[in-house]
Amino acid sequence: MMALPKVKHDATEARLEGLFLPEGVGWTAAARQDALARLRAQGVPHRRDEYWRFTDPARLTAAAPRPAAPMDLSDEAVLHDEIDRLKIVFRDGVFDAGASDDLAVEGCEIVRLAEAQKTDLHWARDIYGALEAQGQTPVDRPLAALNTAFAQDGVLIRVTGRVPRPVEIVYRHEDDTSDPILHHVVRIEPGAELTLLETGTAGARFNTALEVDIADDGRFHHLRDQGRNHLRQAATHSFARLGARSVFKSFTLTLNGALTRNENVIAFTGNDAQAHVAGAAIGDGREDPFHHDDTVFITHDAVNCESRQVFKKVLKNGAVGVFQGKILVKKGAQKTDGYQISQSLLLDDDSQFLAKPELEIYADDVACSHGSTTGAIDEEALFYLRSRGVPEPRAQDLLVLAFLAEALLEIEDDTIAEGLRQRIEDWLDRRAG
Amino acid sequence: MLEIKNLHCKLEEEDKAILKGVDLTIEAGKVHAIMGPNGSGKSTLSYVLSGRDGYVVTDGSATLEGENILDMDPEERAAAGVFLAFQYPVEIPGVGNMTFMRTAVNAQRKARGQEEMSSAEFLKVIRAKAKEMQIDADMLKRPVNVGFSGGEKKRNEILQMAMLEPRLCIMDETDSGLDVDAMKLVADGVNALRAPDRAFLVITHYQRLLDHIAPDFVHIMADGRIVKTGGPELALEVEKNGYADILAETA
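As given, the protein sequences belong to chains A and B, one line each in that order.
Numbering-wise (our numbering), the first sequence opens with residue 5 and increments by one.
Numbering-wise (our numbering), the second sequence opens with residue 168 and increments by one.
What the hints contain is simulated information worked out from the structure, not anything from laboratory work.
Glycine included, each C-beta is placed from N, C-alpha and C at the ideal position.
It is possible that part of the hints are untrue.
The list that follows gives simulated cross-link-like pairs (lysine-lysine, BS3-like), each with its CA atoms no further than 30 angstroms apart [unchecked claim]:
(1) Lys-320/A / Lys-339/A
(2) Lys-253/A / Lys-308/B
(3) Lys-320/A / Lys-277/B
(4) Lys-253/A / Lys-335/A
These stretches of chain A come out as covered by chain B in the derived footprint (C-beta under 8 angstroms, 3 or more residues) [unchecked claim]:
(5) 379-388
(6) 394-401
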């Protein structure tokens, strides 16, 4: 193995200082050791790395997070409150039993990582860190390896039937300097189905990973709202492995946040499966910086699978949006249907959008397309609205909502979609006020 | 109601004068038609009155009920009672027609210090008015003008006019792209809105719209000025002989 450059080695060791592999971690011990070895071999990311060209990872790799004071959220309604769901609450990464529901719901078994790892053997052993490790090729994802090695807790969900209620992981942030690392694992057994909601800011800085293993004919829906803390820094990874005829759908809403890197790594291993990933982000850099990076890597290694990426960003006052999306179609992955669109709406000249769409195709009977656009508000539409008496700021908000609506259309459940749409509208209203 | 005096304007981007001294007075309750050859400045007049970007007023004034509208933002003009029915209504994907109209109605009410309309009341009113314009519920739900036919777009303009109840309705070539039946429907909608406290400025190329919306006055515009004013018979004269005779006699 090639030795790490000194600067990387030093940065990695600096990050590892103060991090210790937890004791009594039973069946996760080997996975954690392996992940630490991966991290040491890769080194923490550096802005000179090609994969981090548009996003400086310094704040994500620093030994301590930049402080982020929690926000008073009393002026907003609780998201998903009209939906009957099972809530699992983490306060700055620490499980809050009092605020959580009983971890019992029909059709699945739920256990926290911190509990489950005390045992010798667990169903999650074949998944924990394994999907992450597979996702390290061909691109290094050192922050995900760090997560597997040092995760303090998380939720392990094994779905055996059709779960009638969504499961919601609720993050609360109260400590200025919290730096939680959480790792969730979902196993969807054949024909089973789950909706997983993730809501809120997990800490001043947070590193979360989600590994989803979907067996044949399984279905998984993931809806995430990353909260509204302006200064928080986030690195998140989702790794999904899709069996035959399975469905994976994930949507993320990001409203502000100083630094966000969301990586989605999806691998089709069974034929006729479907994966849709989408995201809507709005950032206003007026008071605090906003940098949002969506990085997606989809590997088609099966026949007749469909992947779809739809990412929209609205950027204002020096906000920066990044999209790196890759579709890799392996030899033999015929009849692949890959679609990718990334769009940004720049509300001024100071903001910027950096996009790197990539297709790499080794099969000859595929339909893949990608598009990326950057634009300003449509002046014609703005005048039309104003000429009807709609004040300019409100007219602009309507057009912003309209722009993001296309990403929201990716959400199957109308109630959830409406809740997230309302989130965007509330954000716009607060800005106007 | 509307008083335009010696109005001059040029394009913002280049030094090209478009309006070169328009004088026009429109009284409440009246319908004025403006006709004229292509490039005479008819549409520009409608844009300058409604506040579209891209034009600079270099001289003259335009007042509505004594208030100078040229200094107002488009939304302020709308609240003051100016409405422009667009020649090419804009498609706005992602904004529902209903949301759009409700936002507009309530924004204007708010600007005028009136109470906002409740959802229930708004629904009741818009449904009744939409029915008159033969606009079905589906069209109200769809994004603004997206996938609408030419006729549907123009009917949607008239529906907005009916909902907003402006004092001055400016109609920019509303007849373009309409078949005879659609034109009749649009004209009926306009006629239903005629009222003693409301005035209309109808810009058109053709006399046929004026068969349905009977004007009180007809003005001929050429090269940025109103060159001739008369009654409805003037429109018939244009239809028969074209603009050449009129332009020759006023040159």
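Checked hints:
no.: 1; hint: Lys-320/A / Lys-339/A; verdict: violated, 40 angstroms
no.: 2; hint: Lys-253/A / Lys-308/B; verdict: holds, 27 angstroms
no.: 3; hint: Lys-320/A / Lys-277/B; verdict: holds, 28 angstroms
no.: 4; hint: Lys-253/A / Lys-335/A; verdict: holds, 25 angstroms
no.: 5; hint: 379-388; verdict: holds (count 6)
no.: 6; hint: 394-401; verdict: holds (count 5)
Checked against the numbered hints listed earlier, the structure breaks hint 1 alone; every other hint is satisfied.
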